[in-house]
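Top to bottom, those sequences are chains A and B. Letter by letter, the first sequence follows residues 6 to 352 in my numbering. Letter by letter, the second sequence follows residues 16 to 405 in my numbering.
Because the hints were derived from the structure by calculation, they are not lab data. Hints may contain errors.
[As the list claims (entries may be wrong)] Short, incomplete list of chain A residues facing chain B, as computed with Cβ under 8 Å: (1) 57; (2) 67; (3) 166; (4) 257; (5) 261; (6) 262; (7) 263; (8) 267; (9) 268; (10) 270; (11) 309; (12) 310; (13) 317.
If you're wondering where the values come from, they're calculated on a predicted model, not measured in any experiment. Each residue gets a CB set at the ideal place from its N, CA and C atoms; glycine is no exception.
If you want the building blocks of each chain, they are given just below.
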Amino acid sequence: MTTTSPAPTSPASAPGSARSLLGRVRVDYRILAGLAVIAVAMIIAYQWDSQQTTAVAARTIREAAPLILAALCGLIGERSGIINIGIEGQMLLAAFVGFMVASSSGNLILGVMGGMAAASVAGLFLAWTAVALKMDQIIAGTIINIFGLGVTSFLYVQGRTMPSVPNWPIPGLDELPLIGSMLFSHGPLTYAALVAVVVVHVALFQTRWGLRTRAVGEHPSAADTVGVRVYFVRYRNLAIAGMLAGLAGFALLQSASVFNRGMTNGKGFIALAVMIFGRYRPFGVLSAAVLFGFFNALQAQLQFRQAFDIPPQFFGMIPFVFTIAVLAIAGLRTRPPAAIGQPYEKE
Amino acid sequence: MRTKWLRLLALLAALSLVAAACGSDDDDTEAGSSDDTAESTDDAAEDDAMEEDDAMEEDDAMEEDDAMEEDDAMADGDVPCEEDDVLCVGLVTDVGTIDDKSFNQSAWEGVQQLGDAGAHVDFIETQDSVDYGTNIGTFVDQNYDVIVTVGFALGEATLEAATANPDTYFVGVDQFQGEAVDNVAGLIFPEDQAGFLAGALAGLITETGTVAQVLGTDLVPPVVAFKEGFDGGVAYTNPDATIIATYHPGGLDVAFTDPTWGADTARQALDNGADVVFAAGGQTGNGGLAEVAKEGGEAFCIGVDTDQWETVPEAQPCLVTSAMKLITPGVVDIVNAWQAGDAPSGNFIGDVGLASYHDFASVIPQDIQDQIEELTPMVLSGEVSTGYTP
Numbered sequence: 006m007t008t009t010s011p012a013p014t015s016p017a018s019a020p021g022s023a024r025s026l027l028g029r030v031r032v033d034y035r036i037l038a039g040l041a042v043i044a045v046a047m048i049i050a051y052q053w054d055s056q057q058t059t060a061v062a063a064r065t066i067r068e069a070a071p072l073i074l075a076a077l078c079g080l081i082g083e084r085s086g087i088i089n090i091g092i093e094g095q096m097l098l099a100a101f102v103g104f105m106v107a108s109s110s111g112n113l114i115l116g117v118m119g120g121m122a123a124a125s126v127a128g129l130f131l132a133w134t135a136v137a138l139k140m141d142q143i144i145a146g147t148i149i150n151i152f153g154l155g156v157t158s159f160l161y162v163q164g165r166t167m168p169s170v171p172n173w174p175i176p177g178l179d180e181l182p183l184i185g186s187m188l189f190s191h192g193p194l195t196y197a198a199l200v201a202v203v204v205v206h207v208a209l210f211q212t213r214w215g216l217r218t219r220a221v222g223e224h225p226s227a228a229d230t231v232g233v234r235v236y237f238v239r240y241r242n243l244a245i246a247g248m249l250a251g252l253a254g255f256a257l258l259q260s261a262s263v264f265n266r267g268m269t270n271g272k273g274f275i276a277l278a279v280m281i282f283g284r285y286r287p288f289g290v291l292s293a294a295v296l297f298g299f300f301n302a303l304q305a306q307l308q309f310r311q312a313f314d315i316p317p318q319f320f321g322m323i324p325f326v327f328t329i330a331v332l333a334i335a336g337l338r339t340r341p342p343a344a345i346g347q348p349y350e351k352e
Numbered sequence: 016m017r018t019k020w021l022r023l024l025a026l027l028a029a030l031s032l033v034a035a036a037c038g039s040d041d042d043d044t045e046a047g048s049s050d051d052t053a054e055s056t057d058d059a060a061e062d063d064a065m066e067e068d069d070a071m072e073e074d075d076a077m078e079e080d081d082a083m084e085e086d087d088a089m090a091d092g093d094v095p096c097e098e099d100d101v102l103c104v105g106l107v108t109d110v111g112t113i114d115d116k117s118f119n120q121s122a123w124e125g126v127q128q129l130g131d132a133g134a135h136v137d138f139i140e141t142q143d144s145v146d147y148g149t150n151i152g153t154f155v156d157q158n159y160d161v162i163v164t165v166g167f168a169l170g171e172a173t174l175e176a177a178t179a180n181p182d183t184y185f186v187g188v189d190q191f192q193g194e195a196v197d198n199v200a201g202l203i204f205p206e207d208q209a210g211f212l213a214g215a216l217a218g219l220i221t222e223t224g225t226v227a228q229v230l231g232t233d234l235v236p237p238v239v240a241f242k243e244g245f246d247g248g249v250a251y252t253n254p255d256a257t258i259i260a261t262y263h264p265g266g267l268d269v270a271f272t273d274p275t276w277g278a279d280t281a282r283q284a285l286d287n288g289a290d291v292v293f294a295a296g297g298q299t300g301n302g303g304l305a306e307v308a309k310e311g312g313e314a315f316c317i318g319v320d321t322d323q324w325e326t327v328p329e330a331q332p333c334l335v336t337s338a339m340k341l342i343t344p345g346v347v348d349i350v351n352a353w354q355a356g357d358a359p360s361g362n363f364i365g366d367v368g369l370a371s372y373h374d375f376a377s378v379i380p381q382d383i384q385d386q387i388e389e390l391t392p393m394v395l396s397g398e399v400s401t402g403y404t405p
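Chain B extracted, bound-state conformation (with noise of 0.2 Å):
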């Protein structure tokens, strides 16, 4: 009897785990609409039950950030960030690391570039959403010039750092700006524009006329926009074809980091009859790739954001192209001008497009690629409307 109950106990114990993890993403939400006292409590509550997992997580962030500081010794040592003619620039990624074949490696490779023409640079990985703050407040206390963090979730810590550090210019990729704040950059992207060429050229291919879309979260912004520019498309060139959608049903936590739930949905899709499948959900919508790319060509797959034709190889039997966010020189360009003097604050629109076709240059039919290139001038301008209204 005893025992009984003892194992349904932990059992409770072990769901309230997962349900502590459930719960988080609905506060980044909440997060989002700056209810601040929610948060706190939240972020309380979510503390509490996760206790042990955030005690190792921060070893963990520890181990790590010993390791990097151990690289960068000398050059912490050598260049003092305090002196006005160097240019400091510190990155903060998302959740994950610095390599994720996405967001953070796209910014990090701008921030790279401003690091070749002179600058020092230097990256922390987050390893919990907690995290966030600390990781900013890091290079706050280096006295960074400019810090760059990486993501939608990191939109209020950047702007609660932004406040706190007046003489620090930060750049928040993928953070919309409500209110436009003198030394914070938004890079913001028009995802309904890439979604809608994507989506149009998915109209044009396909067989079946049934098209598919695996999706990170709609709690993010952005990937509701890829959806619907997406919707837009296929209406544009293919009234008639079906559109079948899902988004993920976790929270910002595992929305993006599951690609199982991908891959099984994928796979859902094509037992749907869809021939074409547009995965935008990081982690999760690689997984899709990968589970399209198995049916060796006879359906076809589009990613996001970077192109994944480089960063998901195992998806090339599939890839046709990728709805692209040109996050590398957004980031650049956005440095660059706070250079010169002109320093952008509110939203700074980057650049999207479509990636190139690669292997499948021969298989799409030229009149279509014809068409797409016609089409792509006229959306990024905004002569055809996507549909979306944010």
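For reference, chain A alone in the conformation it holds in the complex (with noise of 0.2 Å):
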């Protein structure tokens, strides 16, 4: 057989990469649309009161940094055909295990290594439970909080510090308005959010591995049937996708500077809906991951200048409304890739 046909060659997805030349078209109108929107609201809350979009802006971005990071790794794991909802628990290992390496080390290179490699065993963890036990993948996923929570609880000690992660300022950019403070004068896990959207992106669509992850988590036969392995790419899927969690967990330490017991604080559920309200794709998890991290600044900036006097929990419970209404709303039309869950039984 030639490599003449990408692998998927199958009619269930034949159709499919159609769609995703044409859909990509489509999306990016779309995007185009929802980015003038946002732009000319950005611009009339500016000439309102300049310091308070900025301050708002800024926080969006900052806020949505880890979602992204952790709604990236629930994305490559679902491409490649695997549920994880342990995201949350990579997420608390990476930050525990980022700590206290950047706390005994005092070396934050260091730390967000250690981070990346704790969140990417628990990945290969997933993996193997997915492949080789051909487990049912929620109940992985589940095992990994779990043990996230109770393994960090448990062994963490109070009283250590790390040194803390310096804001990376772009020089020249950092001082134009709005646009300055909002993308441009942030930690640098804040700027590897950014880059990791645009990467995924890239690496899914345009290259070889993008193709066979993809035909992995569709149909999973006719990828083995063109030889492309999918117990290794799964494996090594989750291993990638895992550095993402390890980074997003690392990303909380940016702001806090220090860990806390079950710090994620439901982080890596949100970056669930965010994914499925993202469609799968690195883009849609970026403008749904800003939306949560817009609804979390407007409720902090709602407060600081007592617009209305309403308990704070109220405006707390926004973003989780949300979640709601758009799982109920974009679940339904969400199409996941058609593989996921099932293990792949090799004949």
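Two chains, each in its own frame: build the complex with the hints.
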């Protein structure tokens, strides 16, 4: 068999490749329209009150960063056919290991690497249960969550400190009005999140790696037929995805500068909603995460300025209510990768 | 199709975990209003939702207890608390650890001072808020004479244990006593006065005219007292200043343990033009302090509860002072009074004050320091009203 045609040549995925080509054009158009609306809204807000608008915009991106990284972890897993609801646990493990390494070595780079390694190992564990044990992936993910919370809570000793992650304003660009504070005055992990969106998008849709990943997620037996090593792809991708979850965990430390028990506070679960709302596409993930970030920024800003005399818990609830609404609407319309959650049985 | 539903189901289950966690906070507030039936139903619901977590945390707690017992095995064996001539003081922490650089640690230091004076002392770290009663019960069963419970959240459990064990004396740190119970002393503090002094200082040292507060939750009265007092202090010294303040939007279980939120919010406050940030909210506030410290001296921060210069060293680049509750001497005073046969019951009001300026003593102009020094006794005596009414 020659390799002139893409791997998934079965009837089920043949329209898929055509759709993705067309789909990209359509999505681009919609993204442009959406961006235009957002830009106009931001300019109007900026005219009205530049300081508050800038503060909210900056917080939005800052808050979105860990969600983006975590959701991309889930996205790569699901595109490879493995459901990962263990992101919360992976982030927590990464934050813990990252903190302990950074705190004992005094070196942030080592800390990031430690965190990524920890989350990556958890990802490999998930792949192992899914590929080798053919276990229910939801249960395996839950195990990671419970293990992550339990083991970090147990091992953590208070009283340690780590060097704080510095902000890296980009010279020249960070002085720009609005955009400067919003995009160019953050810490390294926030930039990493924004870069990761582009990298994962290109990798997923323009490279051989991406094609094989999607083939394995949509139709593993077809991929197997043309010589893609399904098991290997799943192991490798879960390890890579775990590194992104590791960055997400360390992104929490970038803000907090200290580890705390259960410090993910459900962000790993929100990332799953972000991924589904983002329709399993990196730029979709970016927009969904920014939306969640925006709600968090808005609630703090409204309180700051005492715009309404409403209990803070009410605003705290909004992102969660929104999540449920979004899942109810978007979740039903979104088509997940076809082979997701199914163990692949080599014939 | 099947998988899609499975996925939705899984997500719902996941969300319900989050929701359950959020829900439990409200339970705690209800517990504060001593609504027993509501509490027990809520607890049951919470138990269902958190089954797995609980099971796990219990395991953890057990392991930790085991470890602790090994350490203290000899002491426990040797010191029979049944005997009248041995003073046994036990301490139950709020969720968190004994060396939390905050409440638990301050109270434990007080108990340790009693230990140095000859008492037998021990502590239990609470892993989960459902274990409050059990942990207190452990000390009661070992016939401890005095049990110190740390934190507003333990108030209900403390009162229950006190009613059931009239021979044991309880000290509840930060637990306001609505009705005095003979064998319970609630160690409370006029947080509004500490907040007022911090606010007065903030009003004097701000250059932008905007001061910010990053707070734990308004579900806990002392936090509200800090905030209102701070507002009053700023208005007293700098009526033109803008005060921006935000409470954590979550409940009791996350509001004090979310440093990421604290940091992001402190950053947002700085972006709003604030140059002094008062962070009052446990770990949440500490995250805020660390974020302001990244400004490298461009902005100031003020800590809370203990002298955070010692406890959060990463905040030293910005930390001018801390609005302190003097928990350690408060605990010692109460237990000493109890030993002397003059046991306080109801509310015992401890002392508050500002911590040392440390390195900022040379940064803050002398006339400002003088003004604060002059103001301090007036505020503590009530001569200057903080504007806070509980």
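Status of each hint after checking the structure:
Here the hint on residue 57 of chain A is kept, as its CB sits about 7 Å from the closest CB of chain B, short of 8 Å. Taken as an interface hint, residue 67 of chain A checks out: its beta carbon lies about 6 Å from the nearest beta carbon of chain B, inside 8 Å. Interface restraint check: residue 166 of chain A against chain B, minimum CB-CB distance 5 Å, threshold 8 Å, status holds. Taking 8 Å as the C-beta contact cut-off toward chain B, the hint placing residue 257 of chain A at the interface holds, the least distance being around 5 Å.
At about 3 Å, the closest approach between the beta carbon of residue 261 of chain A and any beta carbon in chain B falls short of 8 Å, and the interface hint on this residue holds. Because the beta carbon of residue 262 of chain A sits about 4 Å from the nearest beta carbon in chain B, less than 8 Å, this interface hint is met. Residue-level restraint check for residue 263 of chain A holds (minimum Cβ-Cβ distance to chain B is 6 Å; threshold 8 Å). Look at residue 267 of chain A: its Cβ gets to within about 7 Å of chain B, closer than 8 Å, so that hint holds up.
For the restraint placing residue 268 of chain A at the interface with chain B, the shortest Cβ-Cβ distance is roughly 6 Å, inside the 8 Å limit, so the hint holds. Annotation: interface hint on residue 270 of chain A holds; nearest CB of chain B at approximately 5 Å, less than 8 Å. About 4 Å separates the beta-carbon of residue 309 of chain A from the nearest beta-carbon of chain B, less than 8 Å, and the hint is met. Interface hint at residue 310 of chain A: satisfied, since its Cβ lies 7 Å from the closest Cβ of chain B, which is below the 8 Å cut-off.
Interface restraint check: residue 317 of chain A against chain B, minimum CB-CB distance 4 Å, threshold 8 Å, status holds.
Going through the hint list in order, the structure satisfies each hint without exception.
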